[in-house]
Amino acid sequence: MAAAWRSCSLLALSGRFTVQQKLGRALYQSQWVTSHRNLSTSQIAVEVNESTGVAVMKMKKPPVNSLNLDFLTQFSICMEKLELDRGCRGLVITSAIPKIFSAGLDILEMYGKTDEHYAEFWRAVQEMWLKLYGSNMATIAVINGNSPAGGCLMALSCDYRIMTENPKYSIGLNETLLGIVAPFWFRDTMINSIGNRATELSLQLGLMYSAPEALKIGLVDELIPEDKIYETALNTMSRWLAVPDHARQLSKSIMRKATVDRLLTHRESDVQNFVSFISRESIQKSLGKYMEKLKQRKET
Amino acid sequence: MAAAWRSCSLLALSGRFTVQQKLGRALYQSQWVTSHRNLSTSQIAVEVNESTGVAVMKMKKPPVNSLNLDFLTQFSICMEKLELDRGCRGLVITSAIPKIFSAGLDILEMYGKTDEHYAEFWRAVQEMWLKLYGSNMATIAVINGNSPAGGCLMALSCDYRIMTENPKYSIGLNETLLGIVAPFWFRDTMINSIGNRATELSLQLGLMYSAPEALKIGLVDELIPEDKIYETALNTMSRWLAVPDHARQLSKSIMRKATVDRLLTHRESDVQNFVSFISRESIQKSLGKYMEKLKQRKET
Amino acid sequence: MAAAWRSCSLLALSGRFTVQQKLGRALYQSQWVTSHRNLSTSQIAVEVNESTGVAVMKMKKPPVNSLNLDFLTQFSICMEKLELDRGCRGLVITSAIPKIFSAGLDILEMYGKTDEHYAEFWRAVQEMWLKLYGSNMATIAVINGNSPAGGCLMALSCDYRIMTENPKYSIGLNETLLGIVAPFWFRDTMINSIGNRATELSLQLGLMYSAPEALKIGLVDELIPEDKIYETALNTMSRWLAVPDHARQLSKSIMRKATVDRLLTHRESDVQNFVSFISRESIQKSLGKYMEKLKQRKET
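Protein chains in written order, with this note's numbering: chain W, 31 to 330; chain Y, 31 to 330; chain V, 31 to 330.
In case anyone wonders, no lab produced these hints; they're calculated from the structure.
You may find that some hints are simply not true.
Note that the list lumps identical chains together, so a pair holds whenever it fits in one copy or between two copies.
[Stated by the list, open to error] Under the rule of at most 25 Å between Cα atoms (straight-line distance), these lysine to aspartate or glutamate pairs were calculated in the DMTMM-like manner:
| no. | residue 1 | residue 2 |
| --- | --- | --- |
| 1 | LYS111 | GLU311 |
| 2 | LYS319 | GLU252 |
| 3 | LYS129 | GLU110 |
| 4 | LYS328 | GLU80 |
| 5 | LYS198 | GLU150 |
| 6 | LYS111 | GLU252 |
| 7 | LYS315 | GLU157 |
| 8 | LYS287 | GLU298 |
| 9 | LYS315 | ASP257 |
| 10 | LYS323 | ASP300 |
| 11 | LYS129 | GLU80 |
| 12 | LYS246 | GLU110 |
| 13 | LYS246 | ASP300 |
| 14 | LYS161 | ASP100 |
| 15 | LYS287 | ASP218 |
| 16 | LYS287 | ASP115 |
| 17 | LYS319 | GLU113 |
| 18 | LYS258 | ASP100 |
| 19 | LYS323 | GLU252 |
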């Protein structure tokens, strides 16, 4: 898709694009840019470039941007502010931490806690996805490192995915390998990008794809060398912002509304399913073993 | 797909195909053909070859086969006659105008008119699609030129798409760029051909694909040099007509009925949505600007 | 998919895989294996390897493993036993007859019989699919020969498909060419593997795909030389069994339950549709002609 996308002829817009590409470059060469607004929280750096209308969000929660309750809450608050900001039309999401985009849901939030805690955590996961998948902004994920499980879900929820051209980085919904199961809206989000069959293999086997494999099956849209990835994202964004906002937003809604509504309709039963699944003795035991292994690895 | 299709082994039918291919060639070499019936209207030339059961429909509404109320009405009447004609089993749709298949919906029908007019126009667009997407005939689009927006929809509504092998020609649902939005049944028709992800990119960005790009993502099935395209279409049609009619029609219905029924169920609300959207002041203003631009281009 | 699948990095499981691959090889080298259980029937050979938990089912109904009422009943009984056997986690399905996987539904069951017989037969076809498509086991089809119609359905109902690398063998849902029509759950099963557009072409034209074509469109996952295919299947199975059972089964269910439920909900009307279609005079006549042709072929 990416190649086709880049070379496609957008009728009647070639003139506009030149202007927009200059804007993209201008944003990249930060000395040209005059005004930034800062919406950062302790774990998420957010800058809105007021001249281009593009926000850049950098996740900075060491060591691996794991999605715990606190981080997810900060994320949803950020999204809400950006969404209400009429001057902000596009969002680039990336990581400030080398080699990792996000390690996904924090297992600590799913182990040895009360049912109330599990429910609260899961609602925060749902909220993150609802805000991102249903955003009115044009959203681009710059996947500059590994991106398993919930990290992959975040990337899949954006409108476009650019990944570092590095076969060492991988991405995928690999929950199954931990003995847990991706809920229906993870599944739907993946099917909407890579289709039913590739999703079936992915979920049954908990597959992680290297960057080139991810490109091949459409899990990401482009691979770009690390030192060009940010510039590419901003140039790409300028093309998305060349499209009239209201028509782009309505088109996005016509593509995603049914998927979003499915979770909204079943939100509370989805929380209950998660709580009753994760609190099972067998699941807790297997998560415990997994964390033990991780700990041993770190120590050696 | 096309390559696979061409070389696939149709069990037990190899003998029949030889005969059918001869029929295809016979139709092409018009001196062999004995009887034609003419159903043409002022803007659409239609000839039914009675020996092969194949109708060829050529759109001839200068300058760009734009789909206005009059043309759409002629089209639907034609389709109805062909559908009722038991001797007509296949339909080839193409353009009699060089370099353009169809420019899509006529913007003049959407600008500065009454709500009643918008509603009447939209019902005619719906009718065109219902007749074509749900046709019992085997339908092949010969896309011999540019095919944006409604032109792309017409092509996507056929059973098979052959496009001129010319990278200058492009095809796509680019409504978004004009600030308007493809309705759900345009979306469904595209998803049914190229899948969810490619459709999402197409609709959000209003992408036009050059002929080679269109082949790559499955928006068309084959690219053929201009001087062979008509012959290829007739040969291809002879393969479709080698399949028993009732089984082919039932299989088509099992694939398309749910999509057709969705519009039939929501037809009137779809009309209302269109009318209230298109009559908005902001939309009218942006269409006005667009037409001004087109006029200036012609004048220079 | 296959290549990506083979090289994908399954996080944290590399150690386990080495062990599992040894198990795979161990099963192949049968002298290493200590204990087998035999569940065979007259037309189906079934052996469960108790140390690996893998059952191998070989269809052996000469001349072409056609699916008649008796065979389907034996198949469903086998599946039920395997499903209830907690020690059996994976199933490999293949043919004991050279050059054919299965020729599909037995036409003799659909010709010149009573409506009651048609209904009984169709329920048995449904039961076969429900048992296989919804199995809790990891299922791999080893397609070691031609696999038209119902044979293709069986293969598509497994979790993974490995076909002999031989362009002479072909696979596809070609019912349309016999004048009969694949029901909605055949359609759904195919769409879930190869998507909507390829299914539409397949069903309308009754396409058979050679092994390389089948790989290209995703109808099978891998092509392997005949003498390596069994070993490959067992190695592949060891990778599926490295995934925790309950998470793999829940992921499979989340992908397939809606499709299974659609048939369960409409099971009786699907039987009625089949009976009223197949008992039509025109259909009986065309099946009669087809069988006459087959008979003549055998005699010459």
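Which hint numbers does the structure go against, in order from smallest to largest? Checked against the structure, the hints that fail are numbers 1, 2, 3, 4, 5, 6, 7, 9, 10, 11, 12, 13, 17, 18, 19, while the rest are satisfied.
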